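We have chain W; now place chain V onto it with these hints.
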Amino acid sequence: MSKKPKIALYWCASCGGCEEAVVDLAEDILQVVEKAEIVFWPVAMDFKRKDVENLKDGEILVSFINGAVRTSEQEEMVKLLRKKSKIVIAFGSCAYTGGIPGLANSYSKEEIMNYYYKEGITVFNPEDKKPTPQYIEKNLSFEIPEFYERVYALDQVIDVDYYIPGCAPTRNVVKNSIFTLFSGNLPPKGSVLGASSKALCNECPLNDTKPEKITLKEFKRIDKNQPEKDKCLLIQGFACLGPVTRGGCEALCVKASYPCTGCFGPLDGIEDYGAKALSFLASLIDSKDEGEIENIINEWMPNPLGIVYKYSLPKSLIFETKNKKNGG
Amino acid sequence: MKDNNFEPKLLGIFCNWCTYLAADLAGVSRMDYPANLRIVRTMCSGRIDPQFILWAFRNGADGVLIGGCHPGDCHYIEGNYKTLRRYKFLKRILKEMGINEKRLRLEWISASEGEKLQRVVKEFVEEIKKLGPISNDDAFKKVLTSTKGGKK
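Line by line, the protein sequences are chains W and V.
Counting from 1, position 172 in the first sequence corresponds to residue 1613 in this note's numbering; the numbering is continuous, with no gaps.
Counting from 1, position 9 in the second sequence corresponds to residue 17 in this note's numbering; the numbering is continuous, with no gaps.
Just so you know, these hints were derived from the structure itself, not from any lab.
None of the values given here were measured: they were computed from a predicted structure.
Hints may contain errors.
What the hints assert, rightly or not - Selected chain W positions facing chain V (in silico; Cβ < 7 Å):
1) 1547
2) 1688
3) 1727
4) 1746
Stated by the list, open to error - Straight line, CA to CA, 27 Å or less: simulated DSS-like cross-link-like pairs of lysine-lysine:
5) V:96 x V:137
6) W:1570 x V:17
7) V:137 x W:1729
8) V:103 x W:1559
9) V:137 x W:1661
10) W:1729 x V:149
11) V:103 x W:1550
12) V:110 x W:1729
13) W:1672 x W:1658
14) W:1550 x V:124
15) W:1729 x V:96
16) W:1571 x V:149
17) W:1661 x V:103
18) W:1559 x V:149
Cβ coordinates follow ideal geometry from the N, Cα and C atoms, glycine included.
Chain W on its own, in the form it takes in the complex (with noise of 0.2 Å):
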């Protein structure tokens, strides 16, 4: 058996861009390999459940879970490693805040169903079957796993130690964090990892052009018009959500012109990012009139709750369970 310490990565309810950004790291993820061993990556490697049930309690070191929980069977196994691993991370925006999944929350279980399995436009489904937890057909039993009525943050079912942020981590947040878990040197519990305690404003390259009060008659979307070069993207009314949001990823979006959608999630202090995001772009409206407000909401955001609880909804004060470790 070897000394190094084990480490195991599990998805839940993620598009696999967590994933995808481990196998980023490229050539630094021989360092990773030389210093820890992969016990569990259902995604790159061929292991299974009972390989982690096997393992005493605590042999893991750390486990990186990606994904949000949305059924029974991703709390199942967020549940085994959280009882295997000493160390449990939240990586990436869907396990930290709950992510673009989360959404989902202001939709019924019902709705949901009913658009997938009847409504949607491309659905063909004349005998209205939906997914059961339990199906029985000629004496067989199947039994796939449960749909929860809503989405979950994994702290909200599990107790997490560390966060990384992002849709998805970047190669540097990835590994400065890891080698970070490696020093030994650990901040306190709780504590995100691998990205700045600054809003993303302080290490953008536009924070220059930004002047000191900004108000706006309008806001632009980015689909329908092209932002100018070098110049800060709120200025030119684009809802860029830097200076709300944690620094830690260079502003990659905004150096490709995009501007920030809040993806390393909320400054120390912050509880609910949505109600923070608003509260500040509310304030930028340059308008006394009740009508004129509305119509600069209304015309700019089909969905503002996509826009300021873009990866976030599930850890929304109002969705927020008291009772983390129980599972809610």
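Using the frame of chain W, we list chain V on its own:
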């Protein structure tokens, strides 16, 4: 859960210079209004972070009343306009989250308008009584079903 004896819990967040003084005036003038309202004072309605309002709803407030100075009268010049913008924005968000937007109300009430305060609070209590407890709202059904029998 339609309860006829339902007494809503309302939170009032009032600006120090206008609406809070109106409540004070209503008090010293012995104008009575329903006791459902608990008041918090902020120096300006512009100080009201949308997080406060979400926090209130999450912790059982059935309605939140924001009170600020009339347009043009803000002690800090523009604070109440910021309140107005945030309020409009927040209303839309609440609706999409599954909270009845009528549970949030903004009123401009000056220091001399004790009567208006009395009327607004009475109206608001009646309105929220019709809506019922906040736990009836869609957003909370999700939270509650998930906090009770494990996530089912």
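Hint check results:
1. Interface hint at residue 1547 (chain W): satisfied, since its Cβ lies 5 Å from the closest Cβ of chain V, which is below the 7 Å cut-off.
2. Of the supplied interface hints, the one on residue 1688 (chain W) is violated, with its beta-carbon coming no nearer than about 21 Å to a beta-carbon of chain V, more than 7 Å.
3. Interface restraint check: residue 1727 (chain W) against chain V, minimum CB-CB distance 10 Å, threshold 7 Å, status violated.
4. The restraint placing residue 1746 (chain W) at the interface with chain V holds, with a minimum CB-CB distance near 4 Å, inside the 7 Å limit.
5. For the hint linking residue 96 (chain V) to residue 137 (chain V), the alpha-carbon distance of about 23 Å falls within 27 Å, and the restraint holds.
6. Proposed proximity of residue 1570 (chain W) and residue 17 (chain V) is contradicted: the alpha carbons are some 44 Å apart, above 27 Å.
7. Distance restraint check for residue 137 (chain V) and residue 1729 (chain W): the Cα-Cα separation of roughly 32 Å exceeds the 27 Å cut-off, and the hinted pair is therefore not satisfied.
8. Restraint check for residue 103 (chain V) and residue 1559 (chain W): satisfied, since their Cα atoms lie roughly 25 Å apart, inside the 27 Å limit.
9. Only pairs whose Cα atoms come within 27 Å are accepted, and residue 137 (chain V) paired with residue 1661 (chain W) is rejected, the gap being roughly 40 Å.
10. For the proposed pair residue 1729 (chain W) and residue 149 (chain V), the alpha carbon gap of about 36 Å is over 27 Å, so the pair is violated.
11. Restraint check for residue 103 (chain V) and residue 1550 (chain W): the C-alpha separation of about 18 Å stays at or below 27 Å, so the hint holds.
12. With a C-alpha separation of about 22 Å, the suggested pairing of residue 110 (chain V) with residue 1729 (chain W) holds against the 27 Å cut-off.
13. At roughly 18 Å between alpha-carbon atoms, residue 1672 (chain W) and residue 1658 (chain W) fall within 27 Å of each other, so this suggested pair holds.
14. Distance restraint check for residue 1550 (chain W) and residue 124 (chain V): the Cα-Cα separation of roughly 43 Å exceeds the 27 Å cut-off, and the hinted pair is therefore not satisfied.
15. Note on residue 1729 (chain W) and residue 96 (chain V): the hinted pairing holds, with a Cα-Cα distance of about 12 Å set against a maximum of 27 Å.
16. Distance hint between residue 1571 (chain W) and residue 149 (chain V) is fulfilled; the C-alpha atoms sit about 23 Å from each other, no more than 27 Å.
17. A C-alpha spacing of about 23 Å is found between residue 1661 (chain W) and residue 103 (chain V), which places the hinted pair at or below 27 Å, so the restraint holds.
18. Using a Cα cut-off of 27 Å, the hinted pair residue 1559 (chain W) and residue 149 (chain V) holds, with the two alpha carbons roughly 24 Å apart.
In summary, the numbered hints that this structure violates are 2, 3, 6, 7, 9, 10, 14.
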